[in-house]
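First to last, the protein sequences are chains A and B. Quick note on my numbering: the first sequence kicks off at 544 and runs consecutively. Quick note on my numbering: the second sequence kicks off at 15 and runs consecutively.
These are calculated hints, taken from the structure and not from any lab test. Be aware that one or more of the hints could be misleading.
Stated by the list, open to error - Have a look at the derived ranges for each label pair, beta carbon to beta carbon:
id: 1; chain 1: B; residue 1: Leu137; chain 2: A; residue 2: Leu716; range: 32 to 40 angstroms
id: 2; chain 1: A; residue 1: Ala746; chain 2: B; residue 2: Gly53; range: 25 to 33 angstroms
id: 3; chain 1: B; residue 1: Gly72; chain 2: A; residue 2: Leu560; range: 32 to 40 angstroms
id: 4; chain 1: B; residue 1: Glu260; chain 2: A; residue 2: Lys691; range: 55 to 63 angstroms
What the hints assert, rightly or not - Which residues of chain B face chain A? A partial, calculated answer using Cβ under 8 angstroms:
id: 5; residue: Phe94
id: 6; residue: Phe101
id: 7; residue: Leu105
id: 8; residue: Ile185
In this text, a Cβ means the ideal position worked out from N, Cα and C, and glycines have one as well.
Each chain, written out:
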Amino acid sequence: MINSNTSYHTRNLAALLKKDFLIPLYTMKPVQVVAFVLIILFMGSTSFTLSMAVALVLITTGISMDEKYKVDSFLCSLPVKRSTIVFTKYLNAWLLILGFVSFTVISHMVTNLVNPSEPEFISIFEGVLYSFLIMFNAVGIFLPAHFKFIGNFNKSVLSFAFVFIVVAIFVVLIIFLIFYSETILDEPLLPVWCTIGTILLNAISLFLSNYFYKKQELTI
Amino acid sequence: MENILEIKSLCKEYEGFKLDNVSFSIPYGYIMGLIGPNGAGKTTIIKSIMNLIRKTSGEITVFGQDHIQHEVEIKDRIGFVYDHPPFYDHLSLEKMKSIIAPFYTNWDEVLFRRYISEFELPLKKKIETLSRGMRMKYALTIALSHHAELIIMDEPTSGLDPVFRRELLEILSGLIQDERKSILFSTHITSDLERIADFITYIHKGKLIFSCPKDDVMDLWGVVKGPNNWLDQDKQTLFTTVKKGEYGFEALTSDAKSIRREFRDEVIVEKATLEDIMYFTSKGGENDKQ
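Work the whole structure out from these sequences, hints included.
The structure is reproduced here in structure tokens:
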């Protein structure tokens, strides 16, 4: 029984990941995909912001397609647990952010070899880390709201909400830094604390999303 | 008889609607028609079986297992067709299939291709371009391509042309030649069920009116017609629903045999169709006992 449950779980996780990854890509034209890749490859250090933006577009597009076509009742009729659907949404977002960060870091290192006038990666490491954490936190705030209010928003509202959360986190951080910059920036373990905080927020977020989705009545 | 699906005392409450203590079962190898007017609770029952909505109380077992505890294993063996199947409409039929197929242990690509060809579905076209009938054919193809043992269909024939409706009914009849397969089929087009169903479950305003073999329904229920002056207070109690008109009354009875035996010379007793039963019970009447 355990083996059969594990095999169901692994297979469904892979199938859902495939779905969450492909659905937003299928909305794009091939030329758009190629353009994104080329821009990220050739924009050097500034491509980091762009790659985060692409990750953000892919995450919100996937979720807004689910909302647009009201597919949750269909997904839940498949042999898959609701908790697996929830976990895969997080895993997909985390992997997209991680994937784009890795891709950008590698492309940055390659650019640096070709053109040594570009700043070395180590000098922008903290900036990269904090932007990365901001994206993770945005996912952590956005997804429970999505699972709580499934079927109540259209896709443009959803995309706007996600962008709004990212911007709001930036604004709050800037305000915070203006008032507490001296004490905070001197803290040597700041990146560690921020990382731990982000992990905690995502863990609580996952728990809440599971709770909300389990209670959803999929009447549509 | 071993049951593929058993529902015991199922209750579900919404604002303004209550599914009240519904129980019925389907044996292996049979087709059960779930009938009732719009809003009777048919979709609520089906969505409760699929755990898409949470039941308030009651027990549902499928293949002898609890439908929540063994949800994944059970759904792997169910083919489910919605009244308006929700798909990612911007995908082609081929791409949508490639998203769905990996979820099923027994997905059969050859069988899928066979149904696609039989239903003349355009694999490369986007789902959003399909007509209602073709969309339903596609949903049916998906439901039938993983060797499901229990097919659950919510209003599959509504909005379909008569040719495809007949074709669908033939496919369903063919499926249960395998005696381990069963079908639960909700509809308000009762003529479809008179053609293929073995059992009928009738729901009205969230309550179970009856669940029994179709032939029993046809034998037991009757429409009685006669003059208004024949219908005194005592006789009215013999009927489920009575409708009086200017030229006489029409009444529905669930004991047509007794009425025929006792009042053969005084009134006309006709066999009730499923539509008659639905019509009389949903419209109510002077002696509505529901």
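For each hint, the structure was consulted:
1. For the hinted restraint 32 to 40 angstroms between leucine 137 of chain B and leucine 716 of chain A, the CB-CB distance of approximately 50 angstroms leaves it violated.
2. Taking the beta carbon of each, alanine 746 of chain A and glycine 53 of chain B are about 43 angstroms apart, not inside 25 to 33 angstroms as hinted.
3. For glycine 72 of chain B paired with leucine 560 of chain A, a C-beta distance near 35 angstroms keeps the hint of 32 to 40 angstroms intact.
4. In this structure the hint that glutamate 260 of chain B and lysine 691 of chain A lie 55 to 63 angstroms apart at CB holds, the actual value being about 58 angstroms.
5. Interface restraint check for phenylalanine 94 of chain B: the shortest CB-CB distance to chain A comes to about 5 angstroms, inside 8 angstroms, so the restraint holds.
6. Interface hint status for phenylalanine 101 of chain B: upheld, as the beta-carbon distance to the closest one in chain A is roughly 7 angstroms, under 8 angstroms.
7. The interface hint given for leucine 105 of chain B is met, as the beta carbon of that residue sits about 6 angstroms from the closest beta carbon of chain A, less than 8 angstroms.
8. For isoleucine 185 of chain B, the suggested interface contact is broken, since its CB lies about 20 angstroms from the closest CB of chain A, more than 8 angstroms.
The structure fails to meet hints 1, 2 and 8 from the earlier list, while all remaining hints are met.
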